[in-house]
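Visitor: Sequence:
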Amino acid sequence: MQQDPNPRPATGYPYPYPYPNQQPPASANGYPPNAYPYQNYHAPHPDPRALLIRRLFIALMVSILFFGLILFIFLLVVRPQLPTVYITSLSVSDFNVSNNQLTGNWDLRLQFLNPNSKMSLYYDTVLCAVYYGDDSLSKTRLQPFDQGTKDQTPINATLSVSGTYVEGKLADSIGKERAEKGSVEFDLRMVSVVTFRYGVYRRRRYVRVYCDDVAVGVPGSSSSGKMVGSGKRCNSY
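Each residue of the sequence shown is one higher than the one before, starting from 107 at the first, in my numbering.
No wet-lab data here; the hints were simulated from the structure. One should not assume that every hint holds.
[What the hints assert, rightly or not] Cut-off 27 Å, straight-line C-alpha distance, at most; resulting in silico cross-link-like pairs (DSS-like, lysine-lysine):
id, residue 1, residue 2
1, K282, K332
2, K332, K275
3, K282, K338
4, K332, K287
5, K245, K275
6, K245, K338
7, K245, K282
8, K287, K338
9, K256, K224
10, K287, K245
Whenever a hint applies, use it, and build me the whole structure from the sequences.
Guide: Written as C-alpha cells, this is what we have:
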C-alpha cells in the first residue's frame, strides 16, 4: 500500500500544544510568558495615619475600660445609698375650703437620715410641696444643710396658703372626705440636689422624696387637726 506523501492530521483532533515541537516564545526577560505571574506584585504599604488612628482608638478603649473598672470597684466598696426621710408630724391650722378658695397652714416636721457609713451628704435647693391628689396646694424652699455619715437631721417647715383659688371639683372632694372620714389625706413631695462626698470624690444627683396619703384629722366642724397615727417613712428615688 502506498502512503500519502503529504499526511494530514485527522480532523477533530487538534495538536496537543499550539506550538508543536517547540517551546513558547520567550519574553523580553528570557522567561516564558506567565512563568511567574506574580513577579511584579508588591504588597501595599499600610497608611501611617490610619495605623496611628487605630492605635489611638485601641488605647482610648483600654483607658475607658480601665477607669470604668476602677469606678465600678469604688462604687462597690463605698456603696452610696439614697437618704432616708421620715415624716414625724404634720398639723394643719386655719384650714378652710369654701367658695372655691383655700386657706390653711401646714406645720411639718421631718427626719433626714444618712444611711451611708463612708459618704457625707450635702442638700442644696430643697423644694417642699404639699399636694391633694395631683393638685399642688402650697410650696416652700428649705434651707440647705450638711449631713455626716450616719447622721440624723430634724427639719421643720411651714407651708401656707391664703385665699387661693381652687377648682370646684377639688373643693367638693375635700369637703366630701372631711364629712365621711373626719380627715383629709395629703401628699408631701420634695426635690433636692444632693451631693455625695467621699474624700475628693463628688457626685451630684436629684433626689425625689414622696410621702403619700398622710392623713390629717380635720373634721368638718374644725379648722385644725393633727396627723393620724405615728410617723411614716417616705419613699426616696
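Visitor: It remains to establish, for every hint, whether it holds in the given structure.
Guide: Here's how the hints hold up against the structure:
1. K282 <-> K332: 19 Å, holds
2. K332 <-> K275: 24 Å, holds
3. K282 <-> K338: 25 Å, holds
4. K332 <-> K287: 14 Å, holds
5. K245 <-> K275: 21 Å, holds
6. K245 <-> K338: Holds, at about 20 Å.
7. K245 <-> K282: With Cα atoms ~24 Å apart, K245 and K282 stay inside 27 Å; holds.
8. K287 <-> K338: Measuring from Cα to Cα gives roughly 20 Å; hence the hint holds.
9. K256 <-> K224: 9 Å, holds
10. K287 <-> K245: 26 Å, holds
Comparing the model with each numbered hint stated earlier shows that all of them hold.
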